[in-house]
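Participant: Chains as they are written, first to last, in our numbering: chain A, 1 to 255; chain B, 1 to 325.
With a straight-line Cα cutoff of 27 angstroms, these simulated DSS-like cross-link-like pairs (lysine-lysine) come out:
id, chain 1, residue 1, chain 2, residue 2
1, B, LYS282, A, LYS229
2, A, LYS229, A, LYS16
3, A, LYS16, A, LYS218
4, B, LYS282, B, LYS248
5, B, LYS319, B, LYS282
6, A, LYS149, B, LYS248
7, A, LYS16, B, LYS248
8, A, LYS16, B, LYS282
Some chain A residues close to chain B (C-beta under 8 angstroms, calculated; not the full set):
id, residue
9, VAL13
10, ILE95
11, GLY128
12, CYS144
13, PRO224
14, GLN230
15, VAL247
Simulated from the structure, these hints should not be mistaken for lab results.
Even glycine gets a Cβ: it sits at the ideal position worked out from N, Cα and C.
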Amino acid sequence: MEILVCVKRVPMVGGKIVLTGDGQEVDTRMSGFTISPHEECAVEEAVQITERLGGTVSVLTLGPPAAADQLREALALGAGRAVLLETDGREWGPIATAAQIVAEVRRRADAGAGYDLVLCGNEAADTGDYQVGVRVAHALGWPCVTGIKSLEVSDVGARAGREYRGTEESFEFGLPAVVTVKEGINLPRYPSLPGRLRAKRAVIERHEPAWQDEGLHKRALRVPEADRKQAEVLGAGADAVPALMRVLEEWGVLP
Amino acid sequence: MTVLCLVEHDASGVADASLRALTFARDLAAGAGVGAVLFGPGDEVPRDALASYGVTGAHVVEPDHLSGYAPQAWARVLAGLAGDTGASAVLAAGTDRGNEVLAHLGAILDLPMAANCLAAEPGDGGTMQIVRQRWAGLLLEDASLAGSPALMTLATETIQAAAVAESGPVAVHPYQPSLDEGDLRVCATESAGHSSGASLATARVVVGGGRGVGGPDGFAPLEELAGLLGGVVGVSRVVTSEGWRPHKQQVGQTGTRITPELYLACGISGAIQHMAGCAGAKHIVAVNTDPGAPILAHADYAVLGDLREVIPALVEALKARSAAR
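Excised from the complex, chain A in its bound form:
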């Protein structure tokens, strides 16, 4: 089973998000970067599948040279091969990103080691475009399922499941296919020491795709105005419970 996992380098944000002065980006001077959460699970899922069925996990990212760090994170988790589509730091849109993933899939097929499965996150933590995987599938003429929380893959096909309005819905489809997953599909492992060492030494395949413009243009980012104030403290410990009961009564939330 040859699997391509597409990951994105996103800022690690904790207490609050700060923007750069020109409002174009998240200020990352005080924070690190990480793999977008759904995609971390995509890496884990791919590694689990190849542990069962054999094959290779390739991990791809499109980003600045420093995005090699996120490829090494994935290599430490068990990916065997890494591809960096190196950019000049500009933000690429989902159409251009999908086109470059398609180019990698075709390169690999031409090299005689075509992918059986492309895994993406359901949406990137930062831009939240919800469409890269779908566009890749259309360009390749492959089936696509999104938002997947359970996946069974065999040599001939796959069965994927997700929640819909409190029920489970499932999809059966043949391979090759594109599957976008959500956090919760698995619990990603911690990287092992040998995994880290292997990742450090691994050679990363690099390409420099040409910038491609598309129809959704960012003008500026802004932080929405908070509509809440500092909480009023009702009291400490169990002594605060009568005051809390009065508040809940007033809000009409008691049965």
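Mind docking chain B on chain A? Use the hints.
Facilitator: Quick look at chain B alone, frame taken from chain A:
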């Protein structure tokens, strides 16, 4: 401008997110027609609900032509109808299905798609000036969207559903799509068993538990409290990544977005990814030992103290209250 909007519905009526999307569609159409696109039996078309949200025409694909949920086929239907009606915009609620179908539509029409929009108005040169969410709503993006029709999904939790003052008639148009094999390759099979209990996404009360719960054995008092309040338990990301509780209980950017009347957040510090999931809560009360926890900046009230002391006391108070009635 004529606007088409995907409507998700079942025998119990139109999904709340779709009513909000229709409200947005009506504002954008500014007096021109709003076409609703529905999949299901013709006799289940919720005409009254559609009429009261200003829908002028309902395009209905009957199960004879397309049964079940097939994302690419649904997108093919929207593409056909967009062409037939000359719609300037095609919208859907930013639900799992809405985002998925509009992504397929973008790929089919080779047009950009803007996900989770809060506002849109026609701009220069046929563009749409939009505001959309990033980081699950923690940031907003002002952007221009090219392409006709403009393809957008909507951050419906930010939109209030509003009925029209006087509703007109809804013309029902059956639609027969022409689909190819590829469109039907992926089709959902729904399991018969509905999940028991109240859903986290729609619960009226959510009792949240975070790192402060201490471990997998600490949730019983929260479950009991949630039961007494007619609600459900939700948890923070650390709780699911530690494996203390199943992921389906997670509230946050990578979990469920909740919209309860009351969110009682116990032992949760309030990382912004968590707050993205509970921004739709009407009231928030935090129970926390740390007066400096970020969640206090988002809560209406706080109880400072150990949840292992506060929760049992609250459970006793609720039991005493119901015994006295």
